[in-house]
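Colleague: Letter by letter, the chains look like this.
There are 2 protein chains.
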Amino acid sequence: MSKYVYFFGGGKADGNTKMKNELGGKGANLAEMTSLGIPVPPGFTLTTGVCNYYYDNDHNYPKELKKQTDEAINNTESIMNQGFGNADNPLLLSVRSGARQSMPGMMETVLNLGLTSKTIPGLIAKTNNPRFVYDAYRRLITMYADVVMEKAEGVKTKDGHGIRHRLENILDKYKDKNDYKSDVELTADDWKHLTEKFKEEIKINLGKEFPDDHMEQLWGGIGAVFKSWNGKRAVSYRKIENIPGEWGTAVNVQAMVFGNLGDNSATGVAFTRNPATGENKFYGEWLRNAQGEDVVAGLRTPLQLNETTKAPGDASESLEIAFPKIYIDLDKIRIDLEKHYTDMQDIEFTIQDGRLWMLQTRTGKRNGQSAIKMAVDMVHEGLIDKNEALMRVLPSQLDELLHPMVDPEEEQNVSPLAKGLPAGPGGATGQIVFTADDAEEQAGQGKKVILVRDETSPEDVHGMHAAVAILTSKGGMTSHAALVARGWGKCCIVGCESLHISAANKTLEVGDKKYKEGDWLTLNGTTGKVYEGQLPLKDANPDSNQEYAELMEWADATRRLGVRTNADRPEDAVLARKFGAKGIGLCRTEHMFFDPERILAIRKMILAKNEKERRAAVMELLPYQKADFKGILDAMHDLPVTIRLLDPPLHEFITLDDDALLELADELNVASKDIQKRIDELHEFNPMLGHRGCRLGIAYPEITEMQARAILEATAELTKEGKSVHPEIMIPLIGSLAEYKNQEAIVRTIAKKVMAEQNVEFKYLVGTMIELPRACLVADEIAESAEFFSFGTNDLTQTTYGFSRDDIGGFLPVYLEENILPVDPFQSIDQGGVGQLVEMAVKKGRSTNPNIKLGICGEHGGDPDSIEFFHNVGLAYVSCSPFRVPVARLAAARANLKK
Amino acid sequence: MSKYVYFFGGGKADGNTKMKNELGGKGANLAEMTSLGIPVPPGFTLTTGVCNYYYDNDHNYPKELKKQTDEAINNTESIMNQGFGNADNPLLLSVRSGARQSMPGMMETVLNLGLTSKTIPGLIAKTNNPRFVYDAYRRLITMYADVVMEKAEGVKTKDGHGIRHRLENILDKYKDKNDYKSDVELTADDWKHLTEKFKEEIKINLGKEFPDDHMEQLWGGIGAVFKSWNGKRAVSYRKIENIPGEWGTAVNVQAMVFGNLGDNSATGVAFTRNPATGENKFYGEWLRNAQGEDVVAGLRTPLQLNETTKAPGDASESLEIAFPKIYIDLDKIRIDLEKHYTDMQDIEFTIQDGRLWMLQTRTGKRNGQSAIKMAVDMVHEGLIDKNEALMRVLPSQLDELLHPMVDPEEEQNVSPLAKGLPAGPGGATGQIVFTADDAEEQAGQGKKVILVRDETSPEDVHGMHAAVAILTSKGGMTSHAALVARGWGKCCIVGCESLHISAANKTLEVGDKKYKEGDWLTLNGTTGKVYEGQLPLKDANPDSNQEYAELMEWADATRRLGVRTNADRPEDAVLARKFGAKGIGLCRTEHMFFDPERILAIRKMILAKNEKERRAAVMELLPYQKADFKGILDAMHDLPVTIRLLDPPLHEFITLDDDALLELADELNVASKDIQKRIDELHEFNPMLGHRGCRLGIAYPEITEMQARAILEATAELTKEGKSVHPEIMIPLIGSLAEYKNQEAIVRTIAKKVMAEQNVEFKYLVGTMIELPRACLVADEIAESAEFFSFGTNDLTQTTYGFSRDDIGGFLPVYLEENILPVDPFQSIDQGGVGQLVEMAVKKGRSTNPNIKLGICGEHGGDPDSIEFFHNVGLAYVSCSPFRVPVARLAAARANLKK
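Here the protein sequences line up with chains A and B, keeping their order. Count the first sequence with this note's numbering and you get residues 5 to 903, in order. Count the second sequence with this note's numbering and you get residues 5 to 903, in order.
There's no promise every hint is true.
The list cannot tell twin chains apart, which means a pair is met if one copy fits it or any two copies do.
Okay, derived cross-link-like pairs now, DSS-like style, lysine-lysine, Cα gap no bigger than 25 Å in a straight line [said to hold, decoys possible]:
1) Lys-727 <-> Lys-586
2) Lys-7 <-> Lys-203
3) Lys-71 <-> Lys-902
4) Lys-518 <-> Lys-452
5) Lys-677 <-> Lys-510
6) Lys-181 <-> Lys-336
7) Lys-285 <-> Lys-542
8) Lys-613 <-> Lys-423
9) Lys-16 <-> Lys-160
10) Lys-727 <-> Lys-756
11) Lys-478 <-> Lys-613
12) Lys-510 <-> Lys-520
13) Lys-613 <-> Lys-677
14) Lys-369 <-> Lys-336
15) Lys-520 <-> Lys-177
16) Lys-22 <-> Lys-848
17) Lys-613 <-> Lys-369
18) Lys-520 <-> Lys-677
19) Lys-122 <-> Lys-203
Think of the hints as simulated: they come from the structure by calculation, not from any bench.
With the sequences and hints as input, model every part of the structure.
Modeller: Below you can see the structure in the form of structure tokens.
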């Protein structure tokens with residue numbers, strides 16, 4: 005015979021904390037607490053198996069259920085020394101849902117079951133508190149009518165308003181009529197009168213009587229919970245959270261206890277440590293003569309639990325003073341729970357007539373900073389080991405320490421103006437500007453500016469750098485703005501579609517509001533929310549955080565995966581070193597071309613009529629590039645620096661408006677129509693799949709020659725200065741060995757020449773970016789020549805899925821909504837598809853070159869789930885933007901522990 | 005001891021025809037002919053091993069070589085009864101290269117070796133023909149100076165002109181001075197005088213004496229041939245033809261025989277069958293008292309070999325009449341050679357003093373029509389079997405029968421105006437027009453027009469259809485114009501970059517020539533050549549060709565691979581059936597949207613503000629689409645028809661110029677700025693990777709519903725009419741099972757509804773196009789639900805390589821030139837990369853669905869090499885444009901035979 009009902013109470017329980025699948029999280033914890041000897045109101049859990057049976061069998065219960073439930077009720081009665089439905093000493097029950105994973109607010113609860121015309125007089129006699137009883141009764145009626153009679157049965161009131169709304173209306177009118185300001189003023193008679201009214205209204209509107217039988221009430225409540233599992237809200241939530249419908253919900257039936265029976269009763273919620281700071285102090289709030297919902301509702305101000313957590317000057321009474329003996333018991337329970345669960349707990353308790361009851365314990369939510377502190381403290385306290393500490397802190401929680409934040413206290417009091425995609429974390433406040441030049445100019449005057457654009461392009465980079473934050477109306481999480489901002493750890497919100505931006509008029513409209521240049525906005529880049537005006541910010545200061553430093557030390561000792569950074573400038577390299585990066589995994593060279601001094605040379609190159617002219621133009625860039633590379637190699641001395649040769653298609657360097665075109669024609673003394681003709685020639689239908697990457701270096705070998713020379717001359721000069729530098733030259737967008745060899749030969753030839761010219765020996769590597777499906781398929785061939793592979797998973801995702809990251813916005817929302825994609829594949833690597841190619845390339849690459857160096861430098865290098873995948877397929881390192889380096893270090897450690 | 009020298013002569017030979025790797029093609033055939041008892045001038049072959057030894061050992065020969073060569077010379081001398089270097093009865097030798105694969109004109113030959121001051125008097129005495137001897141001597145001097153003394157030694161004449169040029173100059177001046185018009189007029193003394201002059205000139209210019217020793221001459225010649233293997237010309241040729249340098253060349257040394265010793269001597273070339281018609285008649289030309297080069301040079305008109313091939317009224321003397329006994333011998337040799345080689349041979353012969361010598365036999369080149377005739381005839385003659393016949397005809401040779409051609413006789417007399425890519429085969433002549441509308445209008449007036457555009461778009465399709473040919477200045481072999489034209493078997497040249505087209509002025513400029521509307525051009529779509537004016541065409545008429553029909557029957561009986569067609573219109577389907585297609589592998593539905601009546605509905609749909617409006621607009625298309633599908637299903641009754649749901653991004657349907665936009669705004673009563681806004685929203689950076697394929701159907705399920713309904717209602721109606729139709733609904737651009745299931749569910753639901761509404765049962769399949777790397781990687785998952793896969797190898801190539809087929813023109817030329825790509829991967833499938841994915845998808849697909857139907861509908865379906873690959877990976881069918889169907893049938897048969 006299947007066991008469908010698990011009893012708990014009186015220090016004994018059928019279940020335990022490991023049975024979350026059968027009992028749900030809440031039920032399993034109630035059982036566990038009971039077994040620990042903690043005073044928990046007795047009760048029982050109907051398993052998730054009942055839920056599944058119910059749905060598999062046309063809303064019928066297993067035949068054993070009734071009997072098992074009756075037994076459990078008997079046990080509950082005997083522990084409470086009350087009788088369910090008993091006229092003299094009635095037991096009241098609550099019914100609550102409880103799934104394997106918490107689904108807050110998604111499913112139903114009914115309290116006070118068992119109040120009937122038969123039991124009410126007895127309970128009044130026993131409590132001597134008719135007001136309490138009728139108040140409890142009207143709560144039961146309201147909840148039951150709403151949850152069981154209306155929602156679960158799918159009945160509609162005639163006018164379409166819900167029954168709860170109608171009942172609340174009656175209450176409001178009654179209060180108006182009697183000039184009551186608050187529920188507290190209502191007397192026992194008032195409540196009694198209202199319960200009669202409520203029942204009439206229910207009869208009229210739902211066509212059924214409110215049940216006056218305790219058993220009917222109980223089974224109605226149980227059925228409503230099971231039905232709510234497939235209610236609209238719950239189904240949508242499961243879809244979003246990827247919770248399978250087959251999990252089902254359990255139902256917890258538990259004896260009611262009341263904190264509102266008088267001044268010897270109370271209720272409270274507490275955390276075993278401070279969830280905001282992580283401090284190891286018992287932290288919570290309580291209210292005398294109140295129910296749990298009163299603490300949360302905010303009608304009365306709750307009081308501090310103990311003296312030590314009271315603010316200076318707070319004269320209110322703590323539970324420690326008011327109920328000293330109970331406080332000692334509670335504090336002991338707190339210690340026991342932490343020892344048992346080895347984690348901070350979020351608990352609820354009720355004191356009924358001087359007796360303490362624990363209603364709930366669960367692992368408490370915490371912010372990033374406190375997560376770190378608790379984890380490290382618990383190691384020092386001997387509660388957990390270092391590995392467990394590393395598993396306790398989510399990599400994403402480090403973000404809070406690494407970026408200034410909008411002050412959360414202030415933020416919760418204001419409504420956002422708009423919401424976009426959280427592309428660059430942290431908070432920022434500044435005056436808006438509409439062009440990159442304005443950004444640079446006004447920032448130069450000492451202003452804090454936010455650059456507002458429809459979207460950004462490489463020519464905006466100087467302005468983006470000058471701004472404190474970037475806000476765009478278009479683009480996704482991997483748009484240009486997002487990539488650049490994330491690289492700099494700059495606050496950025498993209499794809500904020502409700503913004504209407506006129507760069508020409510320098511205005512920003514949102515709904516009926518209009519902002520002009522110089523107006524203040526505040527951005528929360530962690531959530532994507534945009535606010536009007538200036539909100540206060542809290543500074544980031546990870547270095548001063550000792551626990552953070554300790555945790556990161558443990559992470560470094562634990563991880564196998566190396567962590568490098570993506571950095572194009574020496575200052576980024578310095579920053580990344582500070583964050584713990586051990587080298588550069590991707591130094592893009594194209595950004596170096598956009599500087600106004602240099603762009604002219606590249607445009608000359610593009611417009612050259614023959615190879616000789618082209619070569620001359622390209623060589624003008626040599627001194628600039630050499631200086632760039634010297635700077636970055638020096639900043640990352642002693643560590644490897646992977647430099648990618650020019651990647652974007654040439655048309656990116658010669659996107660000009662009419663004025664700029666005429667200006668250029670003038671500067672170069674070329675007919676403007678010839679420039680226009682060349683621009684037209686360079687136009688591509690799908691630039692992502694166009695003439696870029698190594699295809700440029702193959703068609704224009706002089707570009708590769710110049711870049712190789714710049715890197716290798718920089719290396720030679722630094723080597724002669726006694727510095728140890730380690731360049732790794734990366735050839736982009738390779739799809740075949742023939743392409744690779746063509747470019748490699750140029751680099752090796754230049755290297756020999758430079759060593760001879762400068763009379764110095766140095767080491768360097770040549771390798772390739774693996775970012776096309778074909779490169780993965782023929783990785784064994786390429787690895788015969790390449791010394792390293794660095795996976796460019798952004799482009800690999802684009803080509804494997806056939807998704808342009810610039811255009812995915814057209815269908816990504818519907819894909820996520822319909823659960824066709826579990827997550828944006830540019831955020832977290834698609835392990836099932838793109839991941840197969842990465843694994844294939846790793847295996848094939850090693851098959852012909854066992855010592856090949858393998859890394860990844862796409863945006864996924866900073867995503868914890870992706871990092872775990874890269875660890876598992878055996879890469880040597882990940883590379884990510886400087887601000888993601890700590891995140892990656894922790895994620896890498898966790899990946900190793902999980903494996 | 006290694007054998008480096010292979011002797012042949014006197015009916016015996018060391019080598020044979022199978023030893024091409026060691027002896028080269030020429031040497032192996034000379035050995036083989038000798039062994040067959042055919043009179044071949046004796047000689048010997050130095051193996052390719054000598055060549056490799058030579059290059060591996062710093063230009064030294066193996067030590068055994070001298071001795072083996074001397075022995076072979078002795079054998080040659082004894083058969084010829086002459087002595088090499090003998091003063092009284094001198095043997096002369098020739099030296100010729102001969103690689104494993106023919107490399108025409110790439111390497112060197114030296115004739116008449118052995119003429120020295122010592123042997124000349126003897127030869128004069130013996131031949132009694134001093135003019136012949138000095139003429140032979142000056143030929144030796146010229147060739148030797150050029151090939152051995154200058155090129156092989158890398159010596160340069162002082163003024164940089166080659167020595168051959170200088171010697172010819174001397175001859176020309178001498179002729180001028182003596183008023184000689186032709187070489188024939190020169191006397192023995194003239195030649196003798198010139199040989200002295202030549203030798204002086206050589207001494208002065210190359211600083212060395214012309215060698216007067218026969219052995220020095222011989223080894224000089226041999227060395228020059230080996231050196232020429234690594235000469236610039238040969239190396240470039242090998243690069244293009246993918247011939248490995250390690251193959252090396254052999255050297256053939258052979259006794260000289262002369263057809264110019266007098267009237268009892270002659271020379272000729274012949275084919276064992278007529279290479280132009282395929283007729284089984286001995287066909288060739290000869291000249292009395294001449295050398296081989298005289299037949300080719302055209303100074304004298306060669307005569308027909310026999311009476312039967314003489315044109316009516318040709319009064320010249322045939323060899324059959326002039327040398328009746330020798331003709332009988334030659335005809336017997338012809339029969340023997342065909343029997344031995346079982347193929348048509350291209351032979352050279354010389355009659356020296358009444359004695360017949362065979363100089364060469366090799367498999368003869370032939371055109372498509374004659375290839376078919378010979379193959380089929382030879383089967384009937386019992387010379388070869390049917391399988392061999394199928395292997396004898398290249399699939400590409402069928403093209404000649406399937407399209408009208410520019411008359412080759414006429415074509416060879418004119419120079420092309422320009423050259424582009426041969427995108428649609430066959431020839432066409434017509435008057436040029438510059439817009440699709442003009443094309444349609446003027447074609448409607450009965451004119452033959454050629455549509456000339458920079459590039460074409462779907463909106464040009466009506467004009468493309470009306471035109472007899474299409475000519476574009478941009479785009480590659482898989483550009484829109486190329487794809488459409490090939491689909492229709494229409495003559496088309498694309499990417500003809502030297503054209504400057506002004507559609508506005510209706511002019512076409514090429515260099516300094518200018519053409520206007522109505523001017524005539526002729527296009528050879530098989531070669532990509534464009535001619536001014538009207539050239540005559542030859543009609544295609546495969547049906548009247550009995551041998552073709554027979555060969556195709558054999559092909560069908562031999563192949564395992566099915567052949568379907570890509571067809572969007574009923575008339576294409578009818579044509580393809582005629583060509584032997586067994587079903588439609590790809591019916592695109594988007595072309596059906598561009599009709600002016602329909603495009604308004606799709607534009608309404610695009611501009612709809614909500615789902616309801618969108619659905620209403622889409623449903624306007626239902627009757628049109630249903631009629632389309634009825635037509636095509638009916639035309640292909642009894643056979644499967646794969647219909648692909650809408651694939652291109654929506655912006656393709658709403659690309660408008662300003663006027664059209666205003667017109668549309670007017671028609672739909674929408675503000676033009678709203679239309680512009682929507683157009684801007686739809687803009688994509690990489691449309692190839694954008695919101696297209698199933699992504700459209702997922703975002704706008706009403707499109708899928710409408711199309712499914714149109715197909716299935718058409719099916720229902722035809723089924724009720726008693727027709728057997730087999731629709732296969734194909735969902736495009738699938739990358740995951742979730743996408744597939746989303747769209748499949750819509751189709752299945754509609755199918756159930758239609759069956760119920762129309763009260764009829766019918767069968768249909770649902771499957772998907774496999775055209776993304778990810779689809780191949782997760783093919784096992786997709787195959788759990790999909791009933792068929794059809795590989796879309798165009799898109800798969802784009803994403804696997806990361807090559808946009810619209811943009812590949814920017815670097816494809818340099819990739820082919822540098823041999824980074826062996827061939828355009830859009831022409832012939834990249835077996836090493838894209839092919840791996842196809843194979844993977846086949847294996848994975850079958851692993852979960854062993855009965856899954858597998859086909860391919862990309863452009864590669866008509867490419868013979870690709871078809872062989874698809875056969876080998878086990879696909880069930882290929883689908884190609886109607887005009888490629890016979891090609892595919894033959895290629896499929898050959899693939900099966902090869903395997």
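Colleague: From the Cα coordinates, with 25 Å as the cut-off, is the pair Lys-727 and Lys-586 best called within, between, both, or neither?
Modeller: within (17 Å within a copy, 72 Å between copies)
Colleague: Indicate which option fits the pair Lys-613, Lys-677 if close means a Cα-Cα distance not exceeding 25 Å: within, between, both or neither.
Modeller: Only inside one copy: Lys-613 and Lys-677 sit 14 Å apart there, 41 Å across copies, limit 25 Å.
Colleague: First find the shortest C-alpha distance between Lys-520 and Lys-677 inside one copy, then the shortest across copies, and answer within, between, both or neither for a cut-off of 25 Å.
Modeller: Intra 37 Å, inter 24 Å, cutoff 25 Å: inter-copy only.
Colleague: Between Lys-22 and Lys-848, at a C-alpha cutoff of 25 Å, which is it: within one copy, between copies, both, or neither?
Modeller: neither (42 Å within a copy, 38 Å between copies)
Colleague: Can you tell me if Lys-71 and Lys-902 fall within 25 Å by alpha carbon in one copy, between copies, both or neither?
Modeller: For Lys-71 and Lys-902, the Cα distance exceeds 25 Å both inside one copy (44 Å) and across copies (75 Å).
Colleague: One pair to classify: Lys-677 and Lys-510, alpha carbons no more than 25 Å apart. Within, between, both, or neither?
Modeller: between (31 Å within a copy, 20 Å between copies)
Colleague: With identical chains, the pair Lys-613 and Lys-423 could be close in the same copy or across copies; at 25 Å between alpha carbons, which is it: within, between, both, or neither?
Modeller: between (49 Å within a copy, 22 Å between copies)
Colleague: Checking an output row: Lys-369 and Lys-336, CA cutoff 25 Å. Within, between, both or neither?
Modeller: within (21 Å within a copy, 101 Å between copies)
Colleague: Pop the pair Lys-518 and Lys-452 into one bin, within, between, both or neither, using alpha-carbon distances up to 25 Å.
Modeller: Intra 20 Å, inter 61 Å, cutoff 25 Å: intra-copy only.
Colleague: If the cut is 25 Å between Cα atoms, do Lys-7 and Lys-203 qualify within a copy, between copies, both or neither?
Modeller: neither (37 Å within a copy, 115 Å between copies)
Colleague: Checking an output row: Lys-613 and Lys-369, CA cutoff 25 Å. Within, between, both or neither?
Modeller: neither (65 Å within a copy, 43 Å between copies)
Colleague: Indicate which option fits the pair Lys-520, Lys-177 if close means a Cα-Cα distance not exceeding 25 Å: within, between, both or neither.
Modeller: For Lys-520 and Lys-177, the Cα distance exceeds 25 Å both inside one copy (48 Å) and across copies (88 Å).
In summary, the structure is inconsistent with hints 2, 3, 6, 9, 15, 16, 17 from the numbered list given earlier, while agreeing with the others.
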